[in-house]
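**Q** Here the protein sequences line up with chains A and B, keeping their order. For the first sequence, the positions run 1 to 295 when full-length UniProt numbering is used. For the second sequence, the positions run 1 to 295 when full-length UniProt numbering is used.
Mixed in with the good hints there might be a few duds.
Same chains, same label: a pair holds when it works inside one copy or across any pair of copies.
Think about it this way: if two alpha-carbon atoms lie no more than 25 Å apart in a straight line, the pair counts; the simulated SDA-like pairs of lysine to any residue are [what the hints assert, rightly or not]:
1. K38 <-> S213
2. K38 <-> E240
3. K5 <-> G112
4. K251 <-> L39
5. K251 <-> P294
6. K133 <-> G195
7. K251 <-> F113
8. K251 <-> E240
9. K251 <-> L241
10. K38 <-> L276
11. K251 <-> I25
12. K38 <-> R149
13. K251 <-> E122
14. K5 <-> R43
15. K38 <-> I261
16. K5 <-> R63
17. K251 <-> E287
18. K38 <-> A52
19. K133 <-> T281
Hint data in this document are derived by calculation from the structure and do not stem from the laboratory.
There are 2 protein chains.
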Amino acid sequence: MLDYKLLAALAAVVEQGGFERAANILGLSQSAVSQRVKLLEARIGQPVLVRATPPAPTEIGRRLLNHVQQVRLLERDLTRQVPALDDAVPERLRLAINADSLATWWPSAVSGFCTHQNVLLELVVEDQEVGLKRMRAGEVAGCVCAAERPVAGANSVALGAMPYLAVASPAFMARCFFDGINETLLPQAPAVVFGEDDQLQHRYLAELGITGSFAYHLCPSSEGFVRLLESGLGWGMVPELQVRDELAQGKLVELIPGRAIHVPLYWHYWRNGGRLLIGLTQHLRREAQAALVPL
Amino acid sequence: MLDYKLLAALAAVVEQGGFERAANILGLSQSAVSQRVKLLEARIGQPVLVRATPPAPTEIGRRLLNHVQQVRLLERDLTRQVPALDDAVPERLRLAINADSLATWWPSAVSGFCTHQNVLLELVVEDQEVGLKRMRAGEVAGCVCAAERPVAGANSVALGAMPYLAVASPAFMARCFFDGINETLLPQAPAVVFGEDDQLQHRYLAELGITGSFAYHLCPSSEGFVRLLESGLGWGMVPELQVRDELAQGKLVELIPGRAIHVPLYWHYWRNGGRLLIGLTQHLRREAQAALVPL
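For reference, chain A alone in the conformation it holds in the complex (with noise of 0.2 Å):
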C-alpha cells in the first residue's frame, strides 16, 4: 500500500495553499509537513509540488491528489458499512461552482442534501470556463461548468442551460443609446465583463455583427455585476434566474428585448467517488430540471 501520512500532507498542502495552512490542519509543524512531502518525492524520484506560493502539484503531484481524492470517498462508504470506523465528524466535501450558479439556482438546490447527509461543503468559485482545471488537478471532488468533456476518470452529466440577457439601467440606455440600439452606439457603451475569460459579451455583440473591440470594465463578482449595471456603469450579460426582480421592477431593462444567449451547464463528478458523489448527482439533476431551461 502507499503511504497515506505523505499522501495526505501533499494534499493539504494544495488544498490549503500553503504548508503554513496544511500543517495546521493536519495537527503537525511545518516542517513536519515538509518533510513528508521530501520523503514522498524522494520514494517517487519525481517532485510533486512546484514550490510556488501557492504550491501547484505536479504533472505527477496531480495523478496522486485525484487518487488520494477517490480515497477519502470510498473511505466514507466505507463507514456507512462499518459504523464504528466513524468518528462522526461531518463530512467535507470540496466542489467547485461557477460564480453565477452560486449566486441563483445552487443554493435552494443543494441546501436540503448537504443539511440531510451531514456534509460541509467546501466551495471554490471558478469562473465556468475553467472549473474542470480543479477537477484536473485532483483539488475538488465535483464541478459544475459549461464544458462537456470529463477529465479522464470523471462523469459528466448535462444540467441544463441557464439564459443570460442583455441589460442595463435605464438611465444607460438614454445616455448611450439615445440613437437606439446600433452599430455605431453599441462598441462605444462601455460593458462590464466579469473577466477576461468570460466571452458573453463578445458572443453578444458579435451575433449582432460587431466584431472589432469594445470598452468594458471588469468586474469578479456576480453581485458587484448586477450592482455596477443597476448604478448606470455599462451594460453586461447577466443570469435572467438573477435579474428577475429588477427587471419587473423596471431597474434594469434589456438591449434588444428577448435576446438571450444560453450557456449550457454540466455536473462533472469522480466516477470512483461513492455513494455521495452518486447521491448528489442524482439530487442536483432533480433539482437543475427545475431551475434551468433544458439543454
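Based on the hints, put chain B in the right spot on chain A.
**A** Leaving out everything else, chain B in the frame of chain A:
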C-alpha cells in the same frame, strides 16, 4: 531614464497573469514579451519574476511595478495639460475591493465618477484582510480594505464601518436552535464562512465565550453566501446593508437581535497617483459617509 518598454512588459505579465495574455494586450509575440523581461533581468542583474502560474513579481519586481503604476498616473495628469498627447482612450483604473463592499455600497458610490471622468474600472476582488498585498505588489492603484496602515508610498483614509449581523433562515433557527441560542448548540450548528481568512464568525462566537472549533461550510461569494443562508444551510455574518430586504421580509432573522460586529473600511491610494486618484478619494469619502457608519 529607465527602459519603459521593458517595464511595461513586466507589468503586463503580472497584471494579465501570464505571458500569453500579456502578449495579446501589448500586441507582441509571446517570445518578444519573454525577451523583454529577460533583458530587464539582465540589466538589473536579478530576477524580477517568479515563473509560476500565474507569474509573481520578486521583491525587486514589486518595486518596479509600484514605480510603473505611479508613472502611469502621472502621465494621465500630463495629458490633461498637453491634450495633444491624449489618444482619447479611456483611462483604466485597477482597484482591489473587498467582496462585501462590491456587493453593497461601492457600485453606486463610484458609478457617476467613472462615467464623468471616462474611467474604465478593472476590479480585483480580495478579502478585506489581504487586499493590501495587491497594493504592495504594485498591481492596483487603490484598495478598499479593513487594514488602516498604508504600504510605503501610499496614503490611507478612513471610510467608515460596515456593521455585520449574524443571521440564518427561520427554518435553520428552528432546526439547530430548538433550545435557544446557547453555548451547547452554537458550536454544533454549521456556520458559513467566506474563506479561511474570514474570522468574523470566530469573533462572534468568541464574544459569546465560545472559543473552540465549530463546523462550517466555505463559500467565497457574497451573493452565494446570502443565498446559502436563506436556503437554510447555516448561519453567518453578513453586512446589514446587504440583507435589509431579507430581514424585513422575514427570509432571514438575527441570531441575537441587535448584536453586530463593526468592520472598519479604509481607502488606500498611491500618494503620487495624480489628480484622478485625488478626485476619486474625495468622491469616495463623501459617498462612504452616506453608506457607512462613522468610525
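**Q** When no copy is specified for K133 and G195, does a C-alpha distance of 25 Å or less occur within a copy, between copies, both, or neither?
**A** both (17 Å within a copy, 20 Å between copies)
**Q** My question is about K251 and E240: at a cut-off of 25 Å on alpha-carbon distance, are they close within one copy, between copies, both, or neither?
**A** Cα proximity of K251 and E240: in one copy and across copies (14 Å, 22 Å).
**Q** State whether the alpha carbon distance between K38 and I261 is at most 25 Å within one copy, between copies, both, or neither.
**A** Close neither inside one copy (49 Å) nor across copies (43 Å); limit 25 Å.
**Q** With identical chains treated as interchangeable, where does the CA-CA distance between K38 and E240 reach 25 Å or less: within a copy, between copies, both, or neither?
**A** Neither: 50 Å inside a copy, 47 Å across copies.
**Q** Is the C-alpha distance from K251 to L241 at most 25 Å within one copy, between copies, in both cases, or in neither?
**A** both (15 Å within a copy, 18 Å between copies)
**Q** Can you give me the call for K38 and L276, within, between, both or neither, at a CA distance of at most 25 Å?
**A** Neither way: K38 and L276 sit 33 Å apart in one copy and 50 Å across, limit 25 Å.
**Q** For K5 vs R43, is the C-alpha pair at or below 25 Å within one copy, between two copies, both, or neither?
**A** within (13 Å within a copy, 46 Å between copies)
**Q** Within a copy, between copies, both or neither: where do K38 and R149 come within 25 Å Cα-Cα?
**A** neither (34 Å within a copy, 38 Å between copies)
**Q** Is it within, between, both or neither when you check K251 against P294 at 25 Å Cα-Cα?
**A** Answer is neither; intra-copy 28 Å and inter-copy 29 Å both fail.
**Q** 25 Å Cα cut-off: does K133 pair with T281 within a copy, between copies, both or neither?
**A** within (20 Å within a copy, 39 Å between copies)
**Q** When no copy is specified for K5 and G112, does a C-alpha distance of 25 Å or less occur within a copy, between copies, both, or neither?
**A** neither (34 Å within a copy, 56 Å between copies)
**Q** I want to check one pair: K38 and S213. Are their C-alpha atoms no more than 25 Å apart within a copy, between two copies, both, or neither?
**A** Result: close neither inside a copy nor across copies, 48 Å intra and 30 Å inter.
Hints 1, 2, 3, 4, 5, 10, 11, 12 and 15, counting from the list given before, are not met by this structure.
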